[in-house]
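Peer 1: In case you want the letters, here they are:
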Amino acid sequence: MIAIVDYGVGNLYSLHRSFEAIGAEVKITADEKEIKAADRILLPGVGAFGDAANKLYASGLSELITEEAKEGKPLLGICLGMQMLLEKSLEYGEHRGLGLIEGEVRPISEVIPKGLKIPHIGWNALQFQGEKSPLFKYVEEGECVYFVHSYHGANCGKNVIATAEYGVPLTAAVGKDNVFGCQFHPEKSGKVGLNILRAFVEL
Amino acid sequence: MITKRIIPCLDVKDGRVVKGINFKGLADVSSPVELAKFYSDCGADELVFYDITASAEGRTLFTDILRETARKVFIPLTVGGGINSVSDFDRVLKCGADKVSVNSGAIRNPSLIDEAAKLYGDQCVVLSADVKRVDGVFRVFAKGGRENTGMEAISWIKECVERGAGEIVVNSIDTDGVKGGFDLEMLDAVCKAVSVPVIASGGAGNIEHFITLFNALPGVDAGLAASIFHFGEVKIENLKKAMKSAGIPARL
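The listed protein sequences correspond, in order, to chains A and B. The first sequence maps to residues 873 to 1075 in the numbering used here. The second sequence maps to residues 617 to 868 in the numbering used here.
Zero decoy hints are in this set.
Derived lysine-lysine pairs resembling PhoX-like cross-links, with alpha carbons at most 25 angstroms apart: (1) B:LYS710 with B:LYS629; (2) B:LYS774 with A:LYS986; (3) B:LYS653 with A:LYS1063.
What the hints contain is simulated information worked out from the structure, not anything from laboratory work.
Please model the entire structure based on the sequences and the hints provided.
Peer 2: Spelled out as structure tokens, the structure:
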């Protein structure tokens, strides 16, 4: 069973349905026992980092998620959920992340050329970095996924497993051992997105 | 490189797609769910569901079909029509919409944009503006293009972006339905005024019109149309291929 962590941010309907569409058993939950019993954890997130991180810390689930990930349970963060895997965020102040993957969240305005629109919104092609990640088992390089974001994962080093070109290469996905994060929305990326979720379910 | 988006728009009344639709291979051509799935499979980058229902029963049917669509179609969904309050945002977002477009509701109460953007983020709030030239000036029309508000369109659009609209759909009443091409002059004026994504609507009659649009105005991010897709005059696969061979970034 996949546990989608419900800590009070965002709309989890499409995410829930997309796992169902690939035949995976999935549950939206904030229950510690259920998250512990799940064989995979999905960390969603939309909105501002500080607000979401505070909600996650207040829920008391952040320690559990960190422990489970450190013990080897596959964990996937999506969008803001990916950003929360990193060490810190500089979105409206400085906020602590889960620190499961090195890197920090910074505004894309610092790196993209002037004249490009913010947020980076729409379909963009994945460029794989390093050895092809198991998350992309069913995806070809150059296939497009759907992005909506104004902040990005910076200084993630060799944990960047894919980038997307927006004047400069932006972090599209990160991965380290059993912990993965997608800046884009697989649940809104058509067949390509479902194939990424399928690969996660098979990890 | 971010691709230029192609967006079919479905008008839904009492849970059914209106305007005659003529597709082979679709069991139920006026089922919004089936049509949405068909477009998604053809390569549509996003879908707009426009609720033109007037009754409360129709509104319930609309949210039912929205939920059913979001269960089967995994591309971004924008919902418009009858959005007058934050609770309308809440209602459609819970059913699987990703973005919500406001038009007359924002004209009546512009702070709806501020409130919704604060709650759901700028990326969630789309301003849809029906614009028509009146004595050489771009004016905003309300109530489905029937009523001249007297407001100058470019300053209205700028105000909405300042309030938090994250995307603009510009529907030119002057070119709508004519099938003579998009309103490049109007779209250019909007692109020069705002830095958020601009979606062109009104006037597409063939593939060449989309190519001209994206070549002439690099600031336009997406093209939206309804009947030319519904009647099969423009097939999305062919449009995408033509864009790609014209050097316009497109998702195939």
